[in-house]
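Protein chains in written order, with the working numbering: chain R, 1 to 281; chain C, 1001 to 1281; chain V, 2001 to 2281; chain E, 3001 to 3281.
Think of the hints as simulated: they come from the structure by calculation, not from any bench. Quick reminder that beta carbons are idealized off the backbone N, C-alpha and C, glycines included. Hints should not be assumed to be uniformly reliable.
[Unchecked claim] A partial selection of chain E residues facing chain R, derived with a Cβ cut-off under 10 Å:
1. 3130
2. 3149
3. 3152
4. 3153
5. 3160
6. 3163
7. 3166
8. 3170
9. 3171
10. 3185
11. 3186
12. 3222
13. 3226
14. 3228
4 protein chains.
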Amino acid sequence: MALTRGLTRMGLGDVGSNERFVKLAREYGFQAVDLNDVLGWVEAEGKETALAVLAETGVAIGSIGLPVEWRSTEERFRSDLTKLAATAAAAAELGCTRCCTYVLPATDLNAAHFMALATRRLRTCADILGAYGIRFGLEYVGPHHLRTRWANPFVWTLDQTNDWIDAIGAPNVGLLLDSYHWYTTGQTADELAALRADQIVHVHINDAPDVPVEEALDNGRLYPGEGVIDLPAFLQALQRTGYSGPISQEILTQSPPTAPAEELLSRSKAGFDKVFAAAGL
Amino acid sequence: MALTRGLTRMGLGDVGSNERFVKLAREYGFQAVDLNDVLGWVEAEGKETALAVLAETGVAIGSIGLPVEWRSTEERFRSDLTKLAATAAAAAELGCTRCCTYVLPATDLNAAHFMALATRRLRTCADILGAYGIRFGLEYVGPHHLRTRWANPFVWTLDQTNDWIDAIGAPNVGLLLDSYHWYTTGQTADELAALRADQIVHVHINDAPDVPVEEALDNGRLYPGEGVIDLPAFLQALQRTGYSGPISQEILTQSPPTAPAEELLSRSKAGFDKVFAAAGL
Amino acid sequence: MALTRGLTRMGLGDVGSNERFVKLAREYGFQAVDLNDVLGWVEAEGKETALAVLAETGVAIGSIGLPVEWRSTEERFRSDLTKLAATAAAAAELGCTRCCTYVLPATDLNAAHFMALATRRLRTCADILGAYGIRFGLEYVGPHHLRTRWANPFVWTLDQTNDWIDAIGAPNVGLLLDSYHWYTTGQTADELAALRADQIVHVHINDAPDVPVEEALDNGRLYPGEGVIDLPAFLQALQRTGYSGPISQEILTQSPPTAPAEELLSRSKAGFDKVFAAAGL
Amino acid sequence: MALTRGLTRMGLGDVGSNERFVKLAREYGFQAVDLNDVLGWVEAEGKETALAVLAETGVAIGSIGLPVEWRSTEERFRSDLTKLAATAAAAAELGCTRCCTYVLPATDLNAAHFMALATRRLRTCADILGAYGIRFGLEYVGPHHLRTRWANPFVWTLDQTNDWIDAIGAPNVGLLLDSYHWYTTGQTADELAALRADQIVHVHINDAPDVPVEEALDNGRLYPGEGVIDLPAFLQALQRTGYSGPISQEILTQSPPTAPAEELLSRSKAGFDKVFAAAGL
């Protein structure tokens, strides 16, 4: 039981195919990658090939992204939903037990009505994922500028998200925690540490620039250890909850980095080395 | 299978004890009464006495009010919830199969967060009521002045309420329809008639004064047939859905009527006679 | 609101493609057909073509069969489940609002454990169907010989099935009633009439040979009106519940009939004419 | 996060009032007690008094028993259910987060039908408990003699119970593990260690006499460390899951022990000292 190091494709430039991404992750000391197209991988290369790559490298799939747009029309939701079970089946076959989606902090719709629609739609997604042994993580999004980007406030705090998870009411729904949202919503380490491990499905780790917290942009993230977030405290708080699983970097930037993937991976590794060491992990 | 005539205490002045209320209802040709204190009645008079009054008069209990405040704090909700099962048990023993609550169209809380809290709380109520064979009706509230009475819009239309019922996701939750809210939300008879009977738990009937619809006050209601709502069309639309059950008057006024109960009951009877006849019922 | 006449392919010999089946149904006075391959139809012919055939004939799709085997292994269930959402989407696009599955009255598995597995699996199916506005009907199966065909008794009565539906707990699950199972489980018309309309998702109609009821075989069914079941009483009881929807014939026989489809359809029509007339419909 | 030492009243003779029980527990080095009458305690002594006793001793309430008989008639269930919310409220006010019930391995009812009834009833209980932040543990019961004590087999293994928990489908339902049932169902330590911590609500610890496992009687239990169960392996397996919470002794015997409570508590303490030390805890 431990916190493991994970990657998303965000912030790594072009890491190529899933196979190359997995092998690079391994090379730079990461134990998990988050993928968005497991079904495509399995359909194109075959389950056995994908499993062999994972087995050979010892890298796990940390999480898949939800292939269903639940924030738009009912038609779009119904159409996307047709592919969820096959995606979940492919992920489960590759040993993945997490699927995540993010929640924007504001909406142009009537906020209460949208909450009702979203609750029903996400419960349906959770039920399908649950049939394949996959847990479903909701990521609240903290940056201040997004809270007023659309007409009506939605939810963006840990407590609100936990209340929403209770409203959804499915046993396999929990939190995707991101240090960037922890920081931009002004939470303490103790608030984080008060969670039960089973409330946490997945974790993202990112750093923030040295600007007033109200000005930290969602796509202005830094590599772990390069900014002002107290990431050792974040990691120690997670450790205190008993959470065991991947901590995945997801560097959203205004434009994609242009450096070679190897350079960016090396930088990421250095960041993880720094903050994990500072946390005593 | 038929639409039956029902009463609430609202608009009748002082009709006394539940026993007197039931007997008066019978005397003026009503087949159902909505009660708010069935548990008190059973505890004070005994189940057998209450059942005897109902059997002797042939009057049914149309619905009980929800004895749980779900719009306030979690502490209040938890405290009130301790009495729900006993209330539901008493209602079920008296043959009642409906419990209802109303939904204000605005809130001072974050609307999305409150929707999440309310969804979870009402599902818990529904589950408890369901254990006693009781269905749970949600009444959306249409008057325009209430939509801006609190800071943030909540939900107040038929479609929004149906979406919320889907979000709650319990098999025994449906609509309490009120002609006053049907009128103040500008719905057509065809929209009403498009409902399935099983979506409707209970019905209220009231009339509105001849003022612009935007100015119709929630507590400015008239007796059926004394105002401008097309109540025959309302009743015919309900008939088309296949709904079978009580249609209960609930005259909310700025100050309680001071006339004797018998006079108010007589007036109510005349109103029902008029609109039921006009509807061909 | 009415009981309409429906057909399944069982007992009709070779009625050809879905298009031909629909047109024959229309020709012989039927208003609904149950189909098992709507997704295949839509994929092969296109949604517009299928919709045009239905619109031109005025025939509705009464129900689709559940394309998921929930009685076998978890692997099989997970694999089948990947196609349910797409099937439900296709059915919904063609206006179908019902999906049904049957329940065998005995099992070789531990009955309690199988009930737990089946409850969870069918709830997942119900949730997916519900996302497309489709209700899910469970058909209990009455013939005595099947109750001992496998080692352990499961459930086979109306009351047990209703209790199971409550255990599944999804708002869109109800009964598929079949006159053959009504007859072989020895129920009265009053027991049937005591159901609420919303408890009934779909109805099958079949007749039984003049043998002791314990000897009526599941695949020994007769066309309506050719046997000993009091089908007028069955139809009148359904009418009393307020049920509105198709009544579909499903003639299971030891070997498929060899007569031309037109002859079998004509015979079916005569049977419906007889029992519907006797029921006063 | 640690495994703590807990007591039930079973096996301790007369430990008197809850207050005395709590103080004795403290005196003999236990950190938790399971209570069955928290509502009575709060009603008789007041919440503040009870809280003071707990605060003063540092002893927690490990679990309460479910005050609802769900194995009998619907009438009994409905009647008992009226007291559950108040009991849960009292438990929550005293800081308790667990409620448990046991599952007999056989039944005189149709096993599948009873499973359906029990699934629905326990889900209702779980929903009410969940409103007060209380988790609900189901204890499967392993002794062989009970499997044939009633006519039809029900469920009695870890895997079956987990499948049932999935069928119940509430987020706050999990396992009450008991070393006696772990032993009598022949499970390995690795099977136990494969559980996720969040699947475990509560744990009982007991020892078994040196008889063939098939002859170990449910009410023939020994104090920890006095019998043949590999309790260090049991505790280590729990530790590996990440479970954090009480391990409570529950010595069911054919007749209650007659020795003074202090002697029995001392014996219990010695047993815990022995097996916790052997487990390296």
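Taking the hints in turn, this is what the structure says about them:
Hint status for residue 3130 of chain E relative to chain R: holds, with the closest Cβ pair at about 8 Å, below 10 Å. Violation of the interface hint for residue 3149 of chain E is found here, the shortest Cβ-Cβ separation to chain R being roughly 32 Å, above the 10 Å cut-off. Of the supplied interface hints, the one on residue 3152 of chain E is violated, with its beta-carbon coming no nearer than about 28 Å to a beta-carbon of chain R, more than 10 Å. The interface hint given for residue 3153 of chain E is violated, since its Cβ lies 27 Å from the closest Cβ of chain R, which is over the 10 Å cut-off.
The beta carbon of residue 3160 of chain E comes no nearer than 17 Å to any beta carbon in chain R, farther than 10 Å, and the hint placing it at the interface is violated. Checking residue 3163 of chain E against chain R: minimum C-beta separation of about 13 Å lies over 10 Å; hint violated. The beta carbon of residue 3166 of chain E comes within 8 Å of a beta carbon in chain R, closer than 10 Å, and the hint placing it at the interface holds. Interface hint status for residue 3170 of chain E: upheld, as the beta-carbon distance to the closest one in chain R is roughly 7 Å, under 10 Å.
The interface hint given for residue 3171 of chain E is met, as the beta carbon of that residue sits about 4 Å from the closest beta carbon of chain R, less than 10 Å. Using the Cβ-Cβ criterion of 10 Å, the hint placing residue 3185 of chain E at the interface with chain R is not satisfied: the shortest such distance is roughly 23 Å. The interface hint given for residue 3186 of chain E is broken, as the beta carbon of that residue sits about 25 Å from the closest beta carbon of chain R, more than 10 Å. For the restraint placing residue 3222 of chain E at the interface with chain R, the shortest Cβ-Cβ distance is roughly 32 Å, beyond the 10 Å limit, so the hint is violated.
With 10 Å as the threshold, the beta carbon of residue 3226 of chain E stays out of range of chain R, its nearest partner Cβ sitting at about 32 Å, so the hint is violated. At its closest, the beta carbon of residue 3228 of chain E sits 30 Å from a beta carbon of chain R; the interface hint therefore is violated under the 10 Å criterion.
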